[in-house]
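Full structure from sequences and hints, please.
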Amino acid sequence: MAAKYVQEPVKVVTGSYDRTLKIWDLHNVACIETKFAGSSCNDLVTTDSLGSTIISGHYDKKIRFWDIRTEKQADDLLMNAKITSLDLSKDGKLLIASLRDDTIQLIDLRKNSIISTFSDEHFKLSCDWARASFSANAQKIACGSTDGLVYLWNLDGYVEATLKGHSAAVHAVSWSPTCNGLASVGKSKRCIIFSEA
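For the sequence shown, the numbering used here assigns the number 4 to the initial residue and increments by one for each residue that follows.
Since the hints were made in silico from the structure, they are not lab data. Watch out, some of these pointers could steer you wrong.
Claimed, not checked - The calculated BS3-like cross-link candidates involving lysine-lysine, where the alpha carbons are at most 27 Å apart (straight line), are:
#  : residue 1 : residue 2
1  : LYS85     : LYS65
2  : LYS190    : LYS127
3  : LYS25     : LYS96
4  : LYS127    : LYS14
5  : LYS143    : LYS114
6  : LYS93     : LYS65
7  : LYS190    : LYS64
8  : LYS167    : LYS192
9  : LYS143    : LYS75
10 : LYS127    : LYS25
11 : LYS96     : LYS85
12 : LYS93     : LYS14
13 : LYS75     : LYS14
14 : LYS190    : LYS85
15 : LYS114    : LYS7
16 : LYS192    : LYS127
17 : LYS7      : LYS143
18 : LYS167    : LYS96
Claimed, not checked - Derived CB-CB ranges, DEER-like:
#  : residue 1 : residue 2 : range
19 : PHE39     : ILE117    : 24 to 30 Å
20 : THR73     : GLU124    : 42 to 48 Å
21 : ASP28     : HIS125    : 43 to 49 Å
22 : SER119    : GLY184    : 22 to 28 Å
None of these values were measured; they are calculated from a predicted model. We put the CB at the ideal spot given by N, CA and C, even for glycine.
Have a look at this one:
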């Protein structure tokens, strides 16, 4: 259900419903390693330019940490609900996890602990693969909802804005690298780009 480059552009790591993470060699077009997670993987991120640490979010409510240099899982963090998505701040210090309990958790990776929770009484994740996203400067968090709105939170936990334009549930959002625009897609099969979000 997810794929990211590791040691770009030589390798890719994938996570899927078969409860495995696989590392692929793009030159040889072959799987070179399989990590057994024990639960379906909904999303994953890599933490540094070398991609030496993989963080994966799973159906069993766990965020798993993997050292690519070893075959074993390094650590895990139990959440309150199934993880639908993960996103990493550019400096690699903060991680957001969207959960099926309709919250987004902010995790400090230096302490491996939750430091803030983002929610709203009207905010509901649309599906098991709904995607939340950090802004480029990691000062805002965006996520779509079943009500067709895109919610924007600041790091103090307050909803700064709700963006309208979708007529049905919003499944995924992604900030532009310059932090000025936000793309969103959803059930209505439309991509809407909000400028200056």
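Going down the list of hints, with the structure as the test:
no., hint, in the structure
1, LYS85 to LYS65, "holds, 8 Å"
2, LYS190 to LYS127, "holds, 14 Å"
3, LYS25 to LYS96, "holds, 25 Å"
4, LYS127 to LYS14, "violated, 35 Å"
5, LYS143 to LYS114, "holds, 21 Å"
6, LYS93 to LYS65, "holds, 22 Å"
7, LYS190 to LYS64, "holds, 25 Å"
8, LYS167 to LYS192, "holds, 15 Å"
9, LYS143 to LYS75, "violated, 34 Å"
10, LYS127 to LYS25, "violated, 31 Å"
11, LYS96 to LYS85, "holds, 22 Å"
12, LYS93 to LYS14, "holds, 20 Å"
13, LYS75 to LYS14, "holds, 19 Å"
14, LYS190 to LYS85, "holds, 21 Å"
15, LYS114 to LYS7, "holds, 24 Å"
16, LYS192 to LYS127, "holds, 19 Å"
17, LYS7 to LYS143, "holds, 23 Å"
18, LYS167 to LYS96, "violated, 31 Å"
19, PHE39 to ILE117: 24 to 30 Å, "holds, 26 Å"
20, THR73 to GLU124: 42 to 48 Å, "holds, 44 Å"
21, ASP28 to HIS125: 43 to 49 Å, "holds, 46 Å"
22, SER119 to GLY184: 22 to 28 Å, "holds, 25 Å"
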